[in-house]
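Undergrad: Let's have the full structure, built from the sequences with the hints guiding it.
Chains as they are written, first to last, in my numbering: chain A, 1 to 513; chain B, 1 to 346; chain C, 1 to 308.
Calculated from the structure, these hints are not laboratory results. The reader is advised that the hints may include incorrect statements.
Claimed, not checked - Keeping only pairs whose Cα atoms sit at most 30 Å apart, straight-line, the calculated DSBU-like set for lysine-lysine is:
#: 1; chain 1: A; residue 1: LYS252; chain 2: A; residue 2: LYS215
#: 2; chain 1: A; residue 1: LYS252; chain 2: A; residue 2: LYS320
#: 3; chain 1: A; residue 1: LYS199; chain 2: A; residue 2: LYS215
#: 4; chain 1: C; residue 1: LYS124; chain 2: B; residue 2: LYS12
#: 5; chain 1: A; residue 1: LYS199; chain 2: A; residue 2: LYS248
#: 6; chain 1: C; residue 1: LYS86; chain 2: B; residue 2: LYS12
#: 7; chain 1: A; residue 1: LYS8; chain 2: A; residue 2: LYS78
#: 8; chain 1: A; residue 1: LYS78; chain 2: C; residue 2: LYS124
#: 9; chain 1: A; residue 1: LYS215; chain 2: A; residue 2: LYS467
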Amino acid sequence: MTYAVEMKGIRKTFPGVVANDEVTIRVRSGSILCLVGENGAGKTTLMNILYGLEQPEAGEILVRGQPVHFASSADAIKAGIGMVHQHFMLVPDLTVLENIILGHEPVRRWGINWNRARTAVLELSQRYGFELPLQELVRRLPVGLQQKVEILKLLYRGAEILILDEPTAVLTPQETGELFANLRSLAGQGKTIILITHKLDEVMQVADHVVVMRKGRVVQDLPARETTAEEIAYFMVGRRLPEVEERKPHEKAEVILSLQRITVADDSGFPAVRELSLDLHRGEIVGVAGVSGNGQRELAQAVAGLRGLIGGDIYAGGTKISSWERSRRREWGISYIPEDRTHVGLCLPWSVEDNLIAGFHRHKPLSGVLGRLDRQAIARWANDLIGRFDIRTPSRHTPVGTLSGGNQQKVTVAREVAGAPPVIVAHEPTRGVDVGAIHFVHNQLMLLRNAGSAILLISSDLDEILKLSDRIAVIFRGEIVALLSPGRTSRQELGFYMAGLKRRSGDEAFSAS
Amino acid sequence: MRLFQLLEAVAKPVLTILIALAVGTILILPTGTHPLEAYETLFMGAFGSWNNFFTTLARATPLLFTGLAAAFAFQGGVFNIGAEGQLYLGAMAAALVGIYAAAWPWFVLQPAALLAAAVAGGLWSLVPGYMKARLGINEVISTIMMNNIATLFTAYLATYPFKGELYIGATYQVAPAARLWHITPRSALNSGFLIGIIVALILYYVLYRTAFGYEVRALGINQQFAQYMGVDVARRTILLLFISGMIAGLGGAEQVLGVHLRFISNFSPGYAFTGITVALLGRLHPLGVLIGALFFGALEAGALQMETLTNVSRDLLTGLQGIIILLLAAEMLLKFKFRTREARPE
Amino acid sequence: MNALGVVEMMLAATLRMSAPIILAGLGGLLSFRIGMLNIALEGMMLIGSFTAVLVSYFTGSGYLGMLAAGFLGGVLGYLFALFNLKFKAHNIIAGVAVNTLALGLTTYFLRTFFGVRGAFSSPKIAGLPVFRLPGLEAVPVLRAFSGQSVLVYVSISLVLLLHYILYQTPAGLRIRAGGRHPMAVVTAGVNLERLKYIVLIASGVLSGLGGAHLSLGQLTMFSENMTNGRGFIAMAATIFGQNTPLGTLGASLVFGFADALTMRLQTYNFPPFLIQMGPYVLTLVTLVLVVQSTAGRGRTRLAGRLPQ
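TA: In structure tokens, the structure reads:
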């Protein structure tokens, strides 16, 4: 039997790590393969190799039984392979049509043949059932539609084999269902689909075949119907994880942070958070669930003090802090774990030590007269945090950019929570982090909650939200559309709220559990 | 650890200089002179006698100031290409104070003139500073425009309203009390050099031993990170440009109060641009900048002798500057190859 | 001289002074669109000026001087691309490097080849070929369009050509996309790096030609640091022109006009300095005005705006 794609004995290393170690996978045409593994397992690297973005050191690739060599994506595209990346490869200021034909523009004489382009794309969108506004600028489209543009782009280039990298990260449960229906239809028409994902319930929904990777190796390879989500999880991690620290029941505690009808503008001046009200009590975790891009970033930044309010007020412990800048809020006790740890939370070329003091460098004991840095106090501080948070690093002077993703996140988290601050804003605290570190972070958050800290957990990972939250607030287009108790709701119900299909009316929204 | 860092700051410019000299032999060969002979006369011209040595230091001084100005701003991620204009404004301010406040005693007049120069230079940088911080206008363009405006404006002042007794566009001489103390009557070396060293030491301390400097360095590497830890980027950018402008202004003052003793139009042969090279050569470290400035000062002091005694013209200097820049760029290639890996796909 | 005559003279002078800015500005425009800020236009123009004089002197041909200028400008553009793309140097530093190199080399070789310092001129240097448009010679004012150096016509034609290329060809689409979302272009199978090299070399060629016009276009001479900031004015022109070919043309004409006005007023014994400051002040003012008017639209994305 000829497989659509075979990758045999692929080996790829990066400095310090073997990303793919003798990896072999086979995919039949007309089927959907789910490539599963935690972050760092090597799945994206493997697919980057298949798409020609990386070169393997050893191994071979066969497409429809023929050995191929891809020096770049152009070769892969010619072989009929297309990839939809986790972060869309769409140019926001160009139209849908321009984005689709980019790189494969039909030409006449000296320029682009726009008529031929339009006809070709319209024909494709009818054939596969994708309705798209060709003249619209991509940046005006909702995320679900943008993803369809990405897929149509692949079909336009004649892709027979489609690779999708974490496609559901930005979708509501309903949009996910729609995507899967589309994918199944494409598979039914003979296309081959490879899905990279770490969401196990989705795997069980859509996969024909499952390949599990861990630490660069294939550890399981079997048809989907022969396994379960729990079994896959076991293979992904290699061991059963102990439960996270238990949630201690609390008496109803006082409000420590109050957001009162706050309105926050995004970078282009558009109100991303609109008259949002929310109260945080001592010793509770409020999970803010929602699809990325509904104002979460602006909300987090506004509470942290990195973005101003254009309406409403924020109160901390009864004091109005709306006009306070970041450093003053940090001093008061609002910590912030940012969404983007590599570019915001850390300074990669700097040492672990220098990163651990960021934000605290102006205060005693780290600095003294005239702002002079006390290097010995800094050393003590750094060693203390490295020990307490089990940060794996050769020394405190090591550049933090050389640490693994999980350890980098530990540095950020350690710095922010070491002082057991009264309020913590955690935005996607476990994104791109290995399971061991995820467990660590969840544990820390629970411990802090039990000790009385209030945590605003903003995450697109519903599992994380459901596991950790005392209350769940769903954010949609900058407003809280529901406040729910985790025990009394379902992923489906949450999905409805996240997609804006339902909303709780006024009083209901604020009187949950 | 700190000692190692200091040694590193000194070693890097020295190494670059040696390599540049080696490569520079290519430019010397066509003239028929033996490179070693050329370099020997260069060296003797720079260090061969006390007077030569003083000349070296004197020539290094303006570059020290402009180099420090550039380096300090660059450390914070601000590309102050406007030191030339800030230099001129500072020079003019010092000249005017030195001429029209002639009655004051030296211990009031000199600090006043220097202060005026620093403030003038700082204020001149506020325009591009404000434009960058509040409007997002790239400071490279705005500072360059300000350079040209400053050069022309000060030339205008020296040719019309404040014209002195000479035929050229220059002011009167500054009062004797305003003149910086000279080491010997025969050389241009003056106390300005010492001021420069003090500024370098202060900058070193601020950048590497204080919380403020920590923030500045963070800003230069990763603006979002600096913001995240509480730095007001807009305000800090303006402050950095202001300080940088002040230092450049002081450089201008040294030339007026210590060398020419009056303001002469267009007196700067591109000190600020050479200063940028010096700053890059010194890897933006104040002590590295000092070494770079000394090197270029030595080149200038020795070049005349080299030109007199050999076939090599003193424009070799500009050629060497270009070579140094190429080396610095090549070094970035090496650094890239050995740099810690970027975040790889998970 | 009557009013019409003055207008005609100003128009002719404006065209002449705008040409180098248009050429370099188009180079800057392409670079910016593909995502590479190019402050090396100054150095590339300067090399062009010097090379044009050098080659014209030794060959007696303005054409050859012009071609050589474009060629060497392209070489410098290649160097700039190398620093940026291969050595991964910081964009601004690479630009400063190229400019310093150009200044250093031209000054050094001015001395080495011609034995002078400061400026060099000689009857042996042939100027650029001049074109007449017989149809216009009889028309007042429009007469100004005839008798200009070849590069003036080239520059205006290039504006139209570049407009077409940018919006109607695959290369143009890829350039426009490349500056906004390089990975989208790369994953489409396009060799973006090669395109960047081409664009930067082209910007070098264009700037070099602009430099040739400077030194051979009317008077034939080279003086130290002849460009004197015109490369940066070209950069300002592209920004002012919203990074479009037609906009750049318009902006360059404005700057050229200011330059011409400066020359004119000097004959009336205005203190030269204040007028010479004109173009630079104008640049600053227009930068501020342009940014103010497009505030919040995110169109001039030169240096990221700092959030309030």
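Undergrad: Hints broken by the structure, by number, lowest first?
TA: 1, 4 and 8
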